Amino acid sequence: MRVKEILREILSTSAQTAKTKGELAFESLPVFEIETPKLAEHGDLASNIALVMASQAKRPPRQIASILIENLSPPPGFLAKVEIAGPGFINFFIEDAYWFRVLPEIHQLGPAYGNSDLGRGKRVQVEFVSANPTGPLHIGHGRGAALGDALANLLAATGHQVEREYYINDVGNQMFTLGKSLYYRAKELQGEAVEFPEDGYQGDYMKDLARQYLAEGGSVPEKPEEAALQALGRYAGDRILAGINQDLKDFGVTFDRWFSETSLYEEGWVERAFARLKEAGLVYEREGALWFAASRFGDDKDRVVRRSSGATTYFASDIAYHLQKFERGFDQVVDLWGADHHGYVPRLMAAAQAMSFKDRLRIMLVQLVTLLRQGEPVAMTTRGGTFVTLREVIDEVGKDAARFIFLTRRSDAHLDFDLEVAKQQNAENPVYYVQYAHARLASVFRQPGAEGLEEAEPNQELFRLLSLPEEVDLTKRLAAYPEVVEGAAANLEPHRITYFLTELASQLHSYYRNHRFITEDADLTRARLALVKGVKTVLAHGLGLLGVSAPESM
RNA sequence: GCGCCUGUAGCUCAGCAGGACAGAGCAACGGACUUCUAAUCCGUCGGUCGCAGGUUCGAAUCCUGCCAGGCGCGCCA
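Letter by letter, the first sequence follows residues 1 to 554 in this note's numbering.
As a list, the in silico DSS-like pairs of lysine-lysine whose alpha-carbon atoms are at most 30 Å apart:
| hint | residue 1 | residue 2 |
| --- | --- | --- |
| 1 | Lys423 | Lys249 |
| 2 | Lys19 | Lys4 |
| 3 | Lys399 | Lys207 |
| 4 | Lys81 | Lys4 |
| 5 | Lys38 | Lys476 |
Computed Cβ-Cβ distance ranges for the label pairs, DEER-style:
| hint | residue 1 | residue 2 | range |
| --- | --- | --- | --- |
| 6 | Met554 | Ala311 | 52 to 60 Å |
| 7 | Asp117 | Ser260 | 32 to 40 Å |
| 8 | Glu41 | His342 | 41 to 49 Å |
| 9 | Glu35 | Arg276 | 41 to 49 Å |
| 10 | Glu105 | Gln16 | 26 to 34 Å |
| 11 | Glu105 | Gln212 | 49 to 57 Å |
| 12 | Pro551 | Glu27 | 52 to 60 Å |
| 13 | Glu287 | Asp117 | 49 to 57 Å |
| 14 | Ser309 | Val345 | 20 to 28 Å |
| 15 | Glu35 | Gly452 | 35 to 43 Å |
| 16 | Glu287 | Gly172 | 17 to 25 Å |
In short, the hints are calculated from the structure, not lab data.
Quantities reported herein were computed from a predicted structural model and do not represent experimental measurements.
Even for Gly, the Cβ is constructed at its ideal location relative to N, Cα and C.
Could you put the whole structure together from the sequences, leaning on the hints where they help?
This is the structure we're talking about:
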């Protein structure tokens, strides 16, 4: 059992005991915190229980704290010291020997240390990237990809059954525009003086695609007839999607399912969604169009789902898609969207509420990435064709550095991504700092002096030799790891892992620099190797969650 | 005009669903390699937490109002 849980239990028990003995009066035990204080003098863990009980018990917090401490019955060898501090905090100092219990646990669990069963039995879907197949992925998509993948990893590590999904908008106008763009680029290549349409996709990738199309013997009709353009659009869409798939693979991201919007129509999901809303009286006709009464669920206004032309809207597809998702039985669905779609959230949530799966849907917004090159912003628009692709970023700075940098920010904060900084392999680039810690340890275990010793079953007696403050602190950090993973998963915040790893690496580097692990004393060596083996295991686990490699050497 | 996100050290950002004197990296300055990888370590310098009120025993954190930056407000996707 974890230290925090033990404390919570003995504190609750103490309060109940005091109540029974008539020393404290309270209706029900209020919610209290147990947390790691910022300052070491305040102990390993501290609780505000006395402060939050004060109003109910009608006594000063410090007095309550003192009563609670008197009634405490901790397990033997657990507590070194308990203090009342400040306004009434209870500070707990845990026996060093107790912390070292985590080391055998890590050795035993190996790469599974850090996993938990928090989400056991829960099916979760993470839908991310879902970029329209009208052009290559750009750097903003990269952030979404890194984040979605790390989230999925976190959820999987905490015992959820996770599915990664990519939604393909392959219906409607944009496929037609894509076909039109291909058509005119092909005509240009054939030497015809045509004028490229203003609403076409300007990027050079369309020229490449046209070249490829012609090289494969594709035919270009005389006139831009609709059917021909649709076919060209499908061709281009397929090729672009294949490119996206490849880019994502090289970025370390794979999906369990690529979901086609078209299939929603083929399988009747859109009609099913309409029928369901109709039944509930939430759609109506006006000016020839069909409207969903989104304003009844907190949206600004009602929204069109079928235009007067008879064509359904993107929103209609999305309602149907989410209905389909929940019919698949997910306990939770996480949608990762670019922040430029945030205005769309209320209407989808309105639909979710109307169909009563609102509490199972979580829409996360990924703020935009401002790309810099040597401090200068780079303008990006897909249509205008000026943008830095994810492919370029992977080629220039590498998958590991890119993913790590994307995950050093909260998702709802804007991100400045400087290509030149990301490329540098120095201290400004935290990914190498963490990877280097791992590589250094790998090197230690390759030393002749480490032979055989690392295999030794670590026993508690041995850990008495770990008396340095940094050794105890490092162990405490390792012990905290599973909780950090759970917190990151529960709050959908992968950046917590990034920060944890940077701190762990920092502690390790400092320890490494000041002390030798392989020493004259075989027992001490054994103990220290057991400790740093634990560090190495946790570093590898954390990097794995982020989708960043843990190199054996650098 | 309305809505969402952001505003913490010169720069880039953390701050764990309010807690004890606000943290890290970079930059600047000064040190440390005959020793398991110096992509490292040690030290110094640096902040009215955008501003003003409010709630609380206690606020960077919650509420209100301003200010600044970003994004979005279609029978587009």
